Amino acid sequence: MKRISRSGIGTTAGFGLAAFSRDELDSIHYATLQILQDTGIKVLSENALEIFHGGGCEIERFEGYGIVKIPSYVVEECVFWAPRTIVYDARNPDDDYVAEPNRVGFTTFGGCINVIDPLTRDLRRATKKDCGDIARVCDHLDEICVAERVVNSTDVPEGTLSVHNLEAILSNTGKHIFLGADSPRALSVMAELAAVCSGGMDNLRKRPIFTANVCPISPLTLPTNTCDVIIEAARLGVGVMIMPMSLSGGTSSATLAGTLVTHNAEVLSCIVLAQLAKKGLPCTYASTSTILDLRFGTSAIGSPEYGMINATLAKLAQYYRLPSFVGGGASDSKVPDIQSGYEFTLSATMSALAGANIVFGSGVLEQGLTIDYAKIIMDAEMIRMIQIAIKGIELTDEKLAMDVIHEVGPGGAYIAHEHSLLSMRSQSQAKLFDRRSRSDWLEATEGKSIVARAYETAIDILENHQPHPLPDNAPKAMSKIVKEFEKELKGGL
Amino acid sequence: MEELFEKMAEVLIAGKEAEVKSLAQEALDKGAAARDILDKGLLAGMDVVGQRFKAGDLFIPEVLLCARCMHGAMDILKPLLSEADAAGVGTYLIGTVEGDLHDIGKNLVSMMLEGAGFQVIDLGTNITAQQFVEAVKEHKPDILGLSALLTTTMPRMEETIQALKEAGIRDQVKIMAGGAPVTQDFIEKIGGDAYGANAASAVDKAKELVA
Numbered sequence: 082m083k084r085i086s087r088s089g090i091g092t093t094a095g096f097g098l099a100a101f102s103r104d105e106l107d108s109i110h111y112a113t114l115q116i117l118q119d120t121g122i123k124v125l126s127e128n129a130l131e132i133f134h135g136g137g138c139e140i141e142r143f144e145g146y147g148i149v150k151i152p153s154y155v156v157e158e159c160v161f162w163a164p165r166t167i168v169y170d171a172r173n174p175d176d177d178y179v180a181e182p183n184r185v186g187f188t189t190f191g192g193c194i195n196v197i198d199p200l201t202r203d204l205r206r207a208t209k210k211d212c213g214d215i216a217r218v219c220d221h222l223d224e225i226c227v228a229e230r231v232v233n234s235t236d237v238p239e240g241t242l243s244v245h246n247l248e249a250i251l252s253n254t255g256k257h258i259f260l261g262a263d264s265p266r267a268l269s270v271m272a273e274l275a276a277v278c279s280g281g282m283d284n285l286r287k288r289p290i291f292t293a294n295v296c297p298i299s300p301l302t303l304p305t306n307t308c309d310v311i312i313e314a315a316r317l318g319v320g321v322m323i324m325p326m327s328l329s330g331g332t333s334s335a336t337l338a339g340t341l342v343t344h345n346a347e348v349l350s351c352i353v354l355a356q357l358a359k360k361g362l363p364c365t366y367a368s369t370s371t372i373l374d375l376r377f378g379t380s381a382i383g384s385p386e387y388g389m390i391n392a393t394l395a396k397l398a399q400y401y402r403l404p405s406f407v408g409g410g411a412s413d414s415k416v417p418d419i420q421s422g423y424e425f426t427l428s429a430t431m432s433a434l435a436g437a438n439i440v441f442g443s444g445v446l447e448q449g450l451t452i453d454y455a456k457i458i459m460d461a462e463m464i465r466m467i468q469i470a471i472k473g474i475e476l477t478d479e480k481l482a483m484d485v486i487h488e489v490g491p492g493g494a495y496i497a498h499e500h501s502l503l504s505m506r507s508q509s510q511a512k513l514f515d516r517r518s519r520s521d522w523l524e525a526t527e528g529k530s531i532v533a534r535a536y537e538t539a540i541d542i543l544e545n546h547q548p549h550p551l552p553d554n555a556p557k558a559m560s561k562i563v564k565e566f567e568k569e570l571k572g573g574l
Numbered sequence: 199m200e201e202l203f204e205k206m207a208e209v210l211i212a213g214k215e216a217e218v219k220s221l222a223q224e225a226l227d228k229g230a231a232a233r234d235i236l237d238k239g240l241l242a243g244m245d246v247v248g249q250r251f252k253a254g255d256l257f258i259p260e261v262l263l264c265a266r267c268m269h270g271a272m273d274i275l276k277p278l279l280s281e282a283d284a285a286g287v288g289t290y291l292i293g294t295v296e297g298d299l300h301d302i303g304k305n306l307v308s309m310m311l312e313g314a315g316f317q318v319i320d321l322g323t324n325i326t327a328q329q330f331v332e333a334v335k336e337h338k339p340d341i342l343g344l345s346a347l348l349t350t351t352m353p354r355m356e357e358t359i360q361a362l363k364e365a366g367i368r369d370q371v372k373i374m375a376g377g378a379p380v381t382q383d384f385i386e387k388i389g390g391d392a393y394g395a396n397a398a399s400a401v402d403k404a405k406e407l408v409a
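Top line first, the protein sequences correspond to chains A and B. Residue 93 in the numbering used here sits at position 12 of the first sequence, and the numbers go up by one each step. Residue 269 in the numbering used here sits at position 71 of the second sequence, and the numbers go up by one each step.
Misleading hints may appear alongside valid ones.
Each computed DSSO-like pair below joins lysine-lysine, with the alpha-carbon atoms no more than 30 angstroms apart [said to hold, decoys possible]:
id, chain 1, residue 1, chain 2, residue 2
1, B, K405, B, K214
2, B, K387, A, K415
3, B, K403, A, K415
4, B, K252, A, K415
5, A, K571, B, K363
6, A, K415, B, K405
7, A, K568, B, K387
8, B, K387, A, K564
9, B, K387, A, K210
10, B, K387, A, K209
I should point out that these hints are in silico values taken from the structure, not numbers from a laboratory. Values in this document were obtained by computation on a predicted structure and should not be read as measured data.
So here's chain A without its partners, still in its complex pose (with noise of 0.2 angstroms):
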């Protein structure tokens, strides 16, 4: 039988999310030129404010701040300087993660305070010690496509804690790093970090391997350290991630189609900062943004609202031709459970339905405050399943496989065709989670629960796991430049 080549078909590939049309798309895009143009921008940065100006946006003055009015123009001139695809350039070369429009990759939530040890299992304040720690796990795990500073190092002097971090993160991962600064000194001080590692300074202004994470605060709001260290980082060349987080109903308006406007608001407005300071500085579109549960008082990022306020904001950067890392995974849960499962599932797939291109939010407990290592594993598992189901379907000849269904025939066996040996290895495979029958999965497990089993691999991970090799000065370098850091701020003090 002969299938000749099909004249042009209508296809789709892999699995997607219908949120919104394009003509709503640009509902949200004019209701946001709306509000930075006659509603304004709190800024509490002199120097943002001189940028701003300069940049020909209007500036209303009061004590402590300024009132930032950005024409539309502006706006979208900037966006339109930011740069379309990014690579997320990392320490170890084959973990440069390259955000093209609608690549999924995940990562864990960041900036965790909290973690549940994963020996003991009490519930702790992080340490240094920890932000290492997990960075080594997220090293080890394919699923996870960058590193997020996934808790914070709570144990060293105050003002040092980014520093800190990066250096403890550097040490155990080789992919990109994303992370907060406590002050634009810091960040600078970050960099010469990176720099060691990657072999100096023109290197890392070629392949920064690190983006400092910025975060509004909501409603409408830049704090002077968000400001003034997204002007340090064009200074450095350092990539930028902006990142709200508006509560719905208590940040920003109860309704969510309002707070994607806000929350775009609030994103644009830094990104005009960006390219006023520096043309070109890459922008990542972000958010965490969700709902205040308007009967606890809490951040519901366990809710349906955190899948479809990300996912529709992942949608919302693809319009402005942006890379997106946005909420997905996350939960309220206080313990790695069933609920945070059910959590985990539902707004990561919907997030990666959106196409976004970094999916954070595995790891994570509640509210955001807690790490948990089983849970990070048991999330790698649930991210291998969602990235076979976004695949979709192919409908190729060789796919449908009609030549193999009429030789199989009816009542025939596919199990021991050749086809089936091809195409074997594309399935989903189960690792941690069990498909065995009851008494192969007993006699596998001994009935052992998937955290227990969890736990399990994330000490195997860290007894075991070897980081990408850093230069052999760089352990007692970055040691160095963290201590005069510290002497530094102890002398400022």
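Based on the hints, put chain B in the right spot on chain A.
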């Protein structure tokens, strides 16, 4: 009169400000004492609101609406109350510590406290230890509430308590603290008096402190 108080509590729980006000006026016209209207009508209603909120039946905006009703009626009662009674359950001075601009938690606590009958003085965000000291001297509150969202600003809470000690006024005020990273242990360690795990529990703790 008891019936009138019950009705007042009922319309307050339903969030009907105009009706609460007119019932308060009616009670006054019929000779009820302002203090009784406050205690048996308005605060009795707010107590039910607090219980229902805790049970998860009421949403925060509903609680705030009820609080607004109470304040509407208070405008009528205030001129007739003694200064002590007008201060309500107690005076609560609140602010977010230096270096922290996050205020949603603090605002929530403020509004809930007002609803529970506290007179709240909100200093805002980014308040230095010295500013807290000055404000305590000026307003002489029963309770001082410190808020922080960032772990990096938590040390400012301890410094504020230290500054109050140095100013010799630590014992004149009860100190509470709250915010996502704050824990009971932390409060004990820095020498505070109570910890509010959330807005509702902050109100309960505050009531205990002034009882």
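Hint by hint, here is what the structure shows:
1. This hinted pair checks out: B/K405 and B/K214 have alpha carbons roughly 26 angstroms apart, not beyond 30 angstroms.
2. Straight-line distance between C-alpha atoms of B/K387 and A/K415 comes to about 24 angstroms, which keeps the hinted pair within the 30 angstroms bound.
3. About 24 angstroms separates the Cα atoms of B/K403 and A/K415, which keeps this hinted pair within 30 angstroms; it holds.
4. A hinted pair counts as satisfied when its Cα atoms are at most 30 angstroms apart, and B/K252 with A/K415 qualifies at roughly 20 angstroms.
5. With a C-alpha separation of about 25 angstroms, the suggested pair A/K571 and B/K363 falls inside the 30 angstroms cut-off, and the hint holds.
6. Among the hinted pairs, A/K415 with B/K405 is consistent with the structure: their alpha-carbon atoms are about 28 angstroms apart, no more than 30 angstroms.
7. With a C-alpha separation of about 27 angstroms, the suggested pairing of A/K568 with B/K387 holds against the 30 angstroms cut-off.
8. The straight-line distance between the Cα atoms of B/K387 and A/K564 is roughly 28 angstroms, inside the 30 angstroms bound, and the hint therefore holds.
9. The suggested pairing of B/K387 with A/K210 holds, with an alpha-carbon distance near 24 angstroms, which does not exceed 30 angstroms.
10. For the hint linking B/K387 to A/K209, the alpha-carbon distance of about 22 angstroms falls within 30 angstroms, and the restraint holds.
Hint violations for this structure: none, all hints satisfied.
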